[in-house]
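*Asks:* Heads up: the protein sequence lines correspond to chains E and D, in order.
Per full-length UniProt numbering, residue 1 is the first one in the first sequence, and the count goes up by one each step.
Per full-length UniProt numbering, residue 1 is the first one in the second sequence, and the count goes up by one each step.
Just so you know, not all the hints are guaranteed correct.
One copy or two, it doesn't matter: identical chains are merged, so the pair holds either way.
[As the list claims (entries may be wrong)] Below, simulated EDC-like cross-link-like pairs (lysine to aspartate or glutamate); rule was C-alpha separation at most 20 Å, straight line:
{"#": "1", "residue 1": "Lys-62", "residue 2": "Asp-111"}
{"#": "2", "residue 1": "Lys-89", "residue 2": "Asp-111"}
{"#": "3", "residue 1": "Lys-181", "residue 2": "Asp-244"}
{"#": "4", "residue 1": "Lys-33", "residue 2": "Glu-229"}
{"#": "5", "residue 1": "Lys-204", "residue 2": "Asp-246"}
{"#": "6", "residue 1": "Lys-48", "residue 2": "Glu-137"}
{"#": "7", "residue 1": "Lys-203", "residue 2": "Glu-272"}
{"#": "8", "residue 1": "Lys-48", "residue 2": "Glu-60"}
{"#": "9", "residue 1": "Lys-35", "residue 2": "Asp-142"}
{"#": "10", "residue 1": "Lys-90", "residue 2": "Asp-246"}
{"#": "11", "residue 1": "Lys-265", "residue 2": "Glu-338"}
{"#": "12", "residue 1": "Lys-181", "residue 2": "Glu-272"}
Treat the hints as calculated values from the structure; they're not laboratory data.
Here the structure is a predicted model, which means the values were calculated and not measured.
There are 2 protein chains.
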Amino acid sequence: MKPVTLKQIAEQLNISVTTVSKALKDYSDVSPKTKALVKELAKTLNYKPNTFAVNLRTKESKTIGLIIPVIVHHFFSNVIRGIISQAEKKGYLVIILQSNESYELEKKQIDLLMSQRVDGILISLANGTANFSHLNEVIAQDKPLVMFDKIAKIVKCSKIIIDDRKAAYMATQHLIDTGCKRIAHFRGALLPQNSIDRFLGYKKALLDNNMPYDPSLVYICECGDMSFEEGKKNAQQLLNDHNDVDGIFINTDLVAIGAMTEFNKQGVKVPEDISIVGFSNWFMSSVISPTLTTVDQPGYEMGRAAFKQLYREMKQLKKNKPVVYKEIVLETALVKRESTKELVK
Amino acid sequence: MKPVTLKQIAEQLNISVTTVSKALKDYSDVSPKTKALVKELAKTLNYKPNTFAVNLRTKESKTIGLIIPVIVHHFFSNVIRGIISQAEKKGYLVIILQSNESYELEKKQIDLLMSQRVDGILISLANGTANFSHLNEVIAQDKPLVMFDKIAKIVKCSKIIIDDRKAAYMATQHLIDTGCKRIAHFRGALLPQNSIDRFLGYKKALLDNNMPYDPSLVYICECGDMSFEEGKKNAQQLLNDHNDVDGIFINTDLVAIGAMTEFNKQGVKVPEDISIVGFSNWFMSSVISPTLTTVDQPGYEMGRAAFKQLYREMKQLKKNKPVVYKEIVLETALVKRESTKELVK
């Protein structure tokens with residue numbers, strides 16, 4: 001059974017295709033009687049408008065593109081959920097692409113979405129992205145683009161973020177307040193703004209508390225697919241390098257969970273020997289033992305806010321009105337659990 | 001900067017739009033010199049073909065639709081990853097929708113995808129879906145449809161599944177082999193085929209081992225967003241109802257982890273007092289304490305296989321050749337960990 005066309009409806013009623021089309025859209029120059037006939041037949045035949053044809057005319061595809069680094073990631077799947085829930089309300093479909101933290105792939109995917117004429121693009125950058133011309137090109141073509149979580153400060157567009165520096169400061173301060181004297185940091189990859197900011201927040205907390213900053217206490221991890229393994233490896237390396245570390249602020253929960261697994265295997269007690277604070281508040285962190293103290297990062301809200309901003313920009317553009325870029329900073333909170341000690345009185 | 005059109009290229013070169021279009025497509029009735037000129041200018045102006053227009057002609061949208069019950073779910077996010085990786089290889093984009101286990105929403109989403117003229121649809125059914133006319137309509141319109149994981153046996157289309165009954169039998173048999181004498185089952189919702197099959201596998205293992213089947217030992221959970229809480233609640237209820245249960249086969253890992261959390265809180269030791277086998281092998285299950293014995297369900301492979309089958313069907317359809325429906329059954333394996341005891345010699 002092939003889809004029913006306007007032409008079939010027109011032939012059956014012995015009227016023109018234009019009249020059928022106008023009747024379905026409630027144009028005033030079609031009589032109420034004809035409208036009723038057309039609508040009735042369209043319903044009987046289960047007619048569905050061909051959105052390609054509609055889109056070609058209105059220049060809207062009612063789809064948006066979403067590029068994220070990794071899908072199997074508690075934070076990002078929550079972001080996706082937030083975006084889809086909001087897009088659905090406004091009648092938009094979401095095409096999802098995964099960059100696998102690769103700049104090359106991300107660039108290709110931007111091209112693909114542009115040639116598909118999506119109405120707007122939401123993106124969280126790959127770790128490997130250091131050149132932003134593919135994004136500037138999107139903006140130059142008047143296509144709304146909103147960045148979230150992993151952003152580039154120098155690209156001029158709207159951004160939905162958290163204050164990573166402040167959140168990392170808060171996490172490190174909690175380690176200090178619970179008595180840690182020598183605090184390491186497992187940081188994220190070198191390029192992403194959020195891993196830079198979390199590192200800077202860690203460093204500032206140390207300095208504000210008159211604790212020396214020691215670069216040998218900072219370990220790097222890519223925080224991609226191998227996060228858990230990286231956590232184990234870094235924990236092992238830290239035990240080889242230092243015997244006096246009593247606290248670690250870790251860039252993301254999955255790395256922290258890997259580190260805790262390694263410490264557990266090596267007989268290092270958390271939090272008695274080493275206290276740990278993670279970042280993101282994955283669900284997993286509340287069920288492992290000991291449960292993980294971490295920074296709650298609002299993924300679902302970030303997804304909602306990102307779509308809402310994109311929607312505002314798509315609407316402005318449709319009206320040929322200027323778009324005002326916004327930087328929206330969402331709140332974070334420290335979730336205190338068992339991987340850190342009680343506050344020192 | 002508005003996107004460059006064929007017309008602009010034609011005007012600049014003082015040739016017709018048709019010639020430009022033909023040149024870009026390497027038609028033989030355009031001279032090599034003109035082709036070179038057109039291609040050069042198209043590249044300079046960064047011309048991108050309007051895929052809507054192309055799609056309208058070829059009747060292909062190069063997009064497929066994917067409907068899944070929940071995104072924030074380790075198994076489903078792995079399925080998505082598998083689908084996207086495969087779709088990308090073949091140049092297809094994936095529109096992802098989440099049914100939230102609701103039949104009404106799923107129905108609406110099918111309509112939306114059909115009116116968007118996707119080339120094919122992949123679906124894992126919502127728990128609430130008991131009527132399948134929305135799916136039969138898709139098939140009646142010659143649109144390729146492949147079901148995976150949560151399927152309906154009576155719908156005539158390709159299906160990618162595991163042998164849930166066999167896997168559940170294997171899980172229950174492991175509890176018996178490790179000395180459990182009175183085994184409960186936390187089953188999934190009543191409608192989905194896979195929760196029915198897992199229940200039947202559990203029951204058959206008991207009967208084959210001459211152990212009585214006792215319906216009061218079967219607890220139901222919806223296994224949706226509230227899985228973890230349902231696991232806790234069912235564990236609590238089981239402790240109230242029975243004092244002799246020494247093993248539980250649980251429909252999905254997240255419910256199992258909820259149950260283990262409750263048992264831990266109540267001082268019930270796993271596996272000494274009660275052994276537990278989960279289902280799905282979420283990553284989380286390998287890092288909690290005790291680690292969870294579970295059935296490994298190949299999400300990534302299922303996603304790949306589902307797209308591959310859909311692709312075969314889309315290709316057949318394009319050639320106007322008949323489509324042969326396939327039922328592909330992927331292998332599962334029991335992953336033995338700490339939540340069950342050693343084998344009884």
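*Asks:* Please go over all the hints and tell whether each is borne out by the structure.
*Replies:* Evaluation of the provided hints:
Taking the shortest alpha-carbon separations for Lys-62 and Asp-111, both the intra-copy value of 18 Å and the inter-copy value of 15 Å come in at or below 20 Å. For a Cα distance limit of 20 Å, the shortest separation of Lys-89 from Asp-111 across copies, 15 Å, qualifies, whereas the shortest one inside one copy, 27 Å, does not. Proximity of Lys-181 to Asp-244 under the C-alpha cut-off of 20 Å is restricted to the intra-copy arrangement: shortest distance 9 Å within a copy versus 50 Å between copies. Proximity of Lys-33 and Glu-229 under a CA criterion of 20 Å is satisfied in neither setting, with 70 Å inside one chain copy and 57 Å between copies.
Taking the closest pair of Cα atoms, Lys-204 and Asp-246 come within 20 Å of each other only inside a single copy of the chain (18 Å); across copies the shortest separation is 53 Å, beyond that limit. When the C-alpha separation of Lys-48 and Glu-137 is checked against a cutoff of 20 Å, the pair qualifies only between copies, where the shortest distance is 13 Å, while the shortest distance within a copy is 35 Å. Taking the closest pair of Cα atoms, Lys-203 and Glu-272 never come within 20 Å of each other, the shortest separation being 23 Å inside a single copy and 46 Å across copies. With identical chains, the CA atoms of Lys-48 and Glu-60 are at most 20 Å apart both within one copy (17 Å) and between copies (16 Å).
Neither within a single protomer nor between protomers do Lys-35 and Asp-142 lie at most 20 Å apart by alpha-carbon distance, with minima of 38 Å and 29 Å respectively. Taking identical chains as interchangeable, the C-alpha atoms of Lys-90 and Asp-246 are never at most 20 Å apart, the minima being 50 Å within one chain and 51 Å between chains. Within a single copy, Lys-265 and Glu-338 get their C-alpha atoms as close as 18 Å, and across copies as close as 15 Å, so both meet the 20 Å cut-off. In this assembly of identical chains, the alpha carbons of Lys-181 and Glu-272 lie at most 20 Å apart only when taken from the same copy (13 Å versus 40 Å across copies).
Going down the numbered hints, you'll see the structure goes against 4, 7, 9, 10, while the others check out.
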